[in-house]
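The hints should help you fit chains B, C and D onto chain A, whose structure is shown.
Chains as they are written, first to last, in the UniProt record's numbering: chain A, 1 to 341; chain B, 1 to 341; chain C, 1 to 341; chain D, 1 to 341.
What the hints contain is simulated information worked out from the structure, not anything from laboratory work. Worth double-checking, as some hints may not be accurate.
In silico contact screen, one side only, chain B against chain D (beta carbon under 10 angstroms); selected entries [what the hints assert, rightly or not]:
#1 Ile67
#2 Ile198
#3 Val202
#4 His204
#5 Ser207
#6 Gly261
#7 Arg265
#8 Val267
#9 Gln273
#10 Arg274
Beta carbons: idealized from backbone N, C-alpha and C, even for Gly.
What follows is the residue order along each chain.
Protein chains: 4
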Amino acid sequence: MRVGVLTGGGDCPGLNAVIRAVVRKGIKDYGYEFVGFRDGWRGPLEGDTMPLDISAVRGILPRGGTILGSSRTNLMKIDGGVERVKDNLAGLGVDALVAIGGEDTLGVARQLFDRDVKVVGVPKTIDNDLNATDYTFGFDTAVNIATEAIDRLHTTAESHHRALIVEVMGRHAGWIALHSGMAAGANVILIPERPFDIGEVVAHVESRFKTNYAPIIVVAEGAHPKDGQMELSTGEKDSFGHVRLGGIGQRLAEEIESRTGKEARSVVLGHVQRGGTPSAFDRVLATRLGSNAIAAVNDKEFGKMVALQGTEIVRVDLAEATETLKTVPTERYEEAEVFFG
Amino acid sequence: MRVGVLTGGGDCPGLNAVIRAVVRKGIKDYGYEFVGFRDGWRGPLEGDTMPLDISAVRGILPRGGTILGSSRTNLMKIDGGVERVKDNLAGLGVDALVAIGGEDTLGVARQLFDRDVKVVGVPKTIDNDLNATDYTFGFDTAVNIATEAIDRLHTTAESHHRALIVEVMGRHAGWIALHSGMAAGANVILIPERPFDIGEVVAHVESRFKTNYAPIIVVAEGAHPKDGQMELSTGEKDSFGHVRLGGIGQRLAEEIESRTGKEARSVVLGHVQRGGTPSAFDRVLATRLGSNAIAAVNDKEFGKMVALQGTEIVRVDLAEATETLKTVPTERYEEAEVFFG
Amino acid sequence: MRVGVLTGGGDCPGLNAVIRAVVRKGIKDYGYEFVGFRDGWRGPLEGDTMPLDISAVRGILPRGGTILGSSRTNLMKIDGGVERVKDNLAGLGVDALVAIGGEDTLGVARQLFDRDVKVVGVPKTIDNDLNATDYTFGFDTAVNIATEAIDRLHTTAESHHRALIVEVMGRHAGWIALHSGMAAGANVILIPERPFDIGEVVAHVESRFKTNYAPIIVVAEGAHPKDGQMELSTGEKDSFGHVRLGGIGQRLAEEIESRTGKEARSVVLGHVQRGGTPSAFDRVLATRLGSNAIAAVNDKEFGKMVALQGTEIVRVDLAEATETLKTVPTERYEEAEVFFG
Amino acid sequence: MRVGVLTGGGDCPGLNAVIRAVVRKGIKDYGYEFVGFRDGWRGPLEGDTMPLDISAVRGILPRGGTILGSSRTNLMKIDGGVERVKDNLAGLGVDALVAIGGEDTLGVARQLFDRDVKVVGVPKTIDNDLNATDYTFGFDTAVNIATEAIDRLHTTAESHHRALIVEVMGRHAGWIALHSGMAAGANVILIPERPFDIGEVVAHVESRFKTNYAPIIVVAEGAHPKDGQMELSTGEKDSFGHVRLGGIGQRLAEEIESRTGKEARSVVLGHVQRGGTPSAFDRVLATRLGSNAIAAVNDKEFGKMVALQGTEIVRVDLAEATETLKTVPTERYEEAEVFFG
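Just chain A, with the same shape it has in the complex (with noise of 0.2 angstroms):
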C-alpha cells in the first residue's frame, strides 16, 4: 500500500505532528509506503512530491510549519484539475490520500471521494471553526500566544492608564478571542458572531478607567459594529485593494480616543499567532489525529475525516464536517460577558 500525503491552506502549529504520526504508525504497524506532496493539492496536481520515510520525520514533532508545504491552490477552480490528480496518483501508485487541512481542502477532498479517490481528511484550522470537532490543532497554540501578548499588555495599559485593542485572528468566528479574551481576562471581547454596540463597548472601557486596571479589549479581525455605527473607513485596504489586517482593532482605537479622550492603541497580532512550535495539547492532538487517520485509511474507512469528541478520536463523514461552521453560541458569549466591564 502506498499512501499519499498533502497540507493544505494557512500555516498551522502541529502540522507536521500529524504528518510523523501517519508515517511512523503507517510504516510501523502496517508495513505502508509513503509520498509526500508538494505544496497542498498543487503537489498531486502536478506530481510535485518529496520522499516521506522515518528519516524525514525525524525531530519535526515540536517544528511548526509543515515539511510538506502549503498554497491555497483550489483543484475545483482548475479545468481538468481532478483528472489530472487522478492520473498522477495512478502514475505514482498512491493507493489512498490523507489530506490535512480546513474547510476548502477537506472539501476538494470531499468531491475526490465523491469521484472514487480514496481519501481520509485531518481537520486543520487556527480558528477552531470546523464542525464535528470539539477542537482542531493549531487553535490552542493560537490561544496561548494571543494569552501571553494581553497578559504583556496589561501592565502597560495600567501604566500608561491607556486602553488597548488586540486584534486577533478570526474572520468567521471568534473562538481565538474567546479563549485568549477569557484566559487573559479582557474587559471586553468581540467577535463577528454578535455586531457590537460601541456606545456600550465605550461603557465598559470608562467604567475600567474607574478602577486602577485598565482596559483591554480583545477584538477578533471579523468582528464589526452593529449597522451604521462606526464608518469602516475604506482607506483600509492595501494596495491590492484587500481590506488590510489590522484594520478594525485601529478604527475601535480611534472611536474610543474620540469618545471617551483617553488614549487608546491598538495591536495586531498578526501571523505569530500561527507559526513556531505547538503547545503540549496541540501535539497530542495532532498525533492522535494523524494515527487514526492512517488507521482509517487501514479499516478502509474512506470519505471520512478523523475529529475529537471529548477525549475520544472518532470519524464522522467529510461531508458533515465541512457542510457548516462552527461559530460561538450565544451562551458561550455570555458565559464570557459576566466578566466584561
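Just chains B, C and D now, with coordinates in the frame of chain A:
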C-alpha cells in the same frame, strides 16, 4: 445569601481563576456575599476567614497558587470536626459552600453534604485522575511545563549520546507522563497503570542509540517494574522515612547505565510542575468551572461537582465523582506505544 | 531622610524591580523613608503621592509596568513647573529624588539638579539608546520577545514560500532590530542609522527564496529608504495626524510583493515588546541599578545617573548621559550584515 | 584554507550558533573550507569528521545542543594523543582549528598551540566561571530557565506555607545561583565561594514565614556549610561512587524541616538548565564570538581566545583565559544579600 469558598490539597495552577469566577459572577449576577476560608478545611474548622470581594479577586486570574491558602487538614479524622464546621458556618451566617479540591477535599464535601451542608464541589488535581470530568484544570499547565523541559533535554541527550530519564508527577495515574511523553516525543513512557519490563525498556534505549537521536524516557513517579525485576533500594527514603521523590527516575538511570554501558542521567521535575501561571486552557476551564459552580449554588443544586464533558460544563453527583480514580486506559497507552523506540 | 521616587516615559519591563531595590535597600541599609510620586513628573508637580514602604514593594520584582504609574508630563514646558516641584518637595519633607526614566525624564532631572534639587537618575529605555550605559533594562526583554516572535514566523514563511517583514521598536536607534534580527537569523535587518537601498533588500529576498528557507526582514520602525527610493504614502497617518505604527513594515511588504511577485506580509509587534515580566537579565540589571542609585543618594552623589559598564555599576554625570543618543555603530551593523541573504 | 571546528565539554545553549557564525562568515568573507570534528577532541584524535558547509549550518542558530556532538575526551591523558591529532590534521589538510569549549577544552587548545597547532578558542561554560570574558554564552539561558522555575515555585511555597530549596548548577562558582536568585527574589542564595552558616539560613527562613510570603532558597550544587555544621551524608553517592546531584538541596530541606518544624521541599533543576533553545542574549553573543574567532584565524592571531568585554568582542591569550576560575566576588554577593530574609 452568603457563600463560603475554600481550596484544599496540593497547589494547582488555576485555583485563583476559579475563586475569581465564583466571586465575580456571584456578586454581579446574584448579588451574593462571600467569605474566604483559609487553608482548606482548616478555615471552616477554626473559623479562620478572610474578606472575599471584587477587589480581593482583581488581578488574580493569571496567578498561580491560591489567595486562600491550602492545607491537607482532613476533617474526617478530627473528632467533632463536622459539628464544629457546621457551627462555624452558622455563626458566620454562611449559607452555602464552594469547595475546590481533589479526591480528599471533595470526599469531605460529600460527607458534609450527607450531613445537610449545602456544598458544591469544583474538581482540582494536577494529575487529571478524577472521574466524571474529561480534564481537570492545572493538568494542561503541568503537561506544558514537562513538555518544555523534555524539549530542552533532547538536545543535551543528543549532544552527549546519553539516555535521559525524566520523572514527572503521577503517583497513581500516568496522565502527565502520557501526555508530556507523547507531546515531546519520548522514546519510552512508563506509568503506574502498567508495570514495566526492564528488558523492554533497555531494548528501546539501545535501538534509539543506533539513530542519531538519543533516548528520553518519561516516567511517572508512581511507575514500577514488574515483580522482582529491579530492586528499589531501601536507601531511597528520606530522613522522615518517606520514599524520596525522584526514586524511580534515579533507579532507572542506574539500571540503564549498568545494562547498556552508556551514560544515563535522571531529572526530577518536581514542584515546578504545579506552580506559576496557568496555561490559557486551564484559565478558561477554571473560569468556566467557577462560573458554573456558583450558578449551581443559585440553582440550589447541592451535593454536585461541576465537570467538563466535551466542551460543556455539566454537573455530576459528588458521590460519582469521588468513587474511583480515573487511570490511563489500555488503548490510550497503546496509542502512545507506537512511537516508542 | 525622606526620598521621593518617580517613573517617567514609556512602559519598560524592570521599572518595578528598580523601585523595589531602591526602597528595600534604602530602608534596610540606611533607614530612609520613601514617598512614591504618581505618573512621572506629574506627581511632584501636583503633589500626588502614594505610600512606598516594604509592603508596597513586596512581590513586584517580576511584574511589568510600574506601580507608580507613568506619564509624559514635561515639566519644562509648564510655566513655573520647577518652582511648584521644589515647593511640593519641601512641603512633603522630601530631601532627595530618584528619577527613573529616559532621555526626557533624565533631561528634566538634570535641569532640576542645576536648580539645587538633589536628584539621582536611573536610565530607562526599551530602545537601549542612552549614552554612557552599556545596556538599559527592558531592552533584553524586548529583544527576547521579538526573537520569539520571529522564531515563530520562520515556519510560517517557509511553509508558504512567503516573505515576512517584522517591524520592531526603534524610532531613532536600531538596537532592538539589530539584536533580535541577529538572534533570530533574519535575512535582512533595516535600522534608522542606515538608510536602505530597496534594490539590495529585494536582491536578498530573491536569493533567499532560492533556498528552502524563506526571507524574514526585521525593520526598526524608524528605518527608511535612501532618498526618493520608496514613497512613504501620506495615507499612513492616523486620525490624529500621527504617522501610524506599522507604516514602514507595511510599505516594505507592498514594495517587495510588487517587485518580486511573491507574497509578502508584515507583522508589527508593537506594545507587546514593552510590557509584562522582565527577563532575568533585566531583573538583575534593574535591581543593581536601583541599589546603586540609593547608595548614590547616601553618598550624596547627586546630579549623577547610575549606569552599567562591563559588569560594573558606575555613576556618570546626568549631563553626559543625556547629551547624545547612542546609535548602532557601523561595525556592529557590518557584523550582522555577514548573515544577510 | 581548511579550518576544523570542534565542540567539547558539557552541553550549552549557543554552541550551534557559534558553529554557524564561524562557517558562514568563513565561507562568505574568506572563502574557507570547513571540516567538522565529531565529539570534541575525540574527532581529531580518531580522524572522525563530518561535512560542514552552508547547508549543514542552515536552521541551527536557534537549536540547543551541538550538531558536532561532544565528549569529555581529554587529549592530554592519552599517550601520543597530541601527535595523533597533528598527524590527522595534516592528513586531512586542516590548517587551523576553532575549538569551542570550557576550561578543559581550552586547556588542551593552549597546549596544542604550544606545540605549533594553529588554534583559536571560543569560551563555553554554562557556569560563567571563565576568566577574561564578562559573560559566556549559555549562562543567560540557564539563568532564565532557573528564574522561570523559581517564579513558579513562589506560588506553591506561599499556598502551602512551605520552604522551597532550589538547587541550580555551579560546582565551583555561584554565578547561576546569584543571578537567578536575584532575578527571582530568593530569600537566601548559597554559593560555593561562601560557606554558609546554617543558623543564619534558618533565621532568614523563619523571618520570611512571618510575612504572607514563603521562603525560597537558591543553592548552587557546590555550596556547603561552614565546617562541621551539617553532616553531608555519605549515602548521597550514586552507584558509581559519585556524589549525587541534588545532595545539598535535599540535605538543606531536611535540616530546615528539623530546625523549624515547617515543611521544606527541594527541587533540583539539573540538566534542564543546559539544553534547548538559547536566549536572544546568548544567540547574539555566540554569533559575535564565532564571527570574531574566524576573523582571528584570518588575522593569523592564533593561541587566542575570543571574549566579551563590555559590549566589545576582544581577543585574549588562551593562557590568561584558562589560568584561574572566575568566582563571585564578595561585593557582588553583598549586593544580593541586601534582599535576603
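Here is how each hint holds up against the structure:
| no. | hint | verdict |
| --- | --- | --- |
| 1 | Ile67 | holds (9 angstroms) |
| 2 | Ile198 | violated (15 angstroms) |
| 3 | Val202 | violated (16 angstroms) |
| 4 | His204 | violated (20 angstroms) |
| 5 | Ser207 | violated (19 angstroms) |
| 6 | Gly261 | violated (12 angstroms) |
| 7 | Arg265 | holds (6 angstroms) |
| 8 | Val267 | holds (4 angstroms) |
| 9 | Gln273 | holds (8 angstroms) |
| 10 | Arg274 | holds (6 angstroms) |
Hints 2, 3, 4, 5, 6, counting from the list given before, are not met by this structure.
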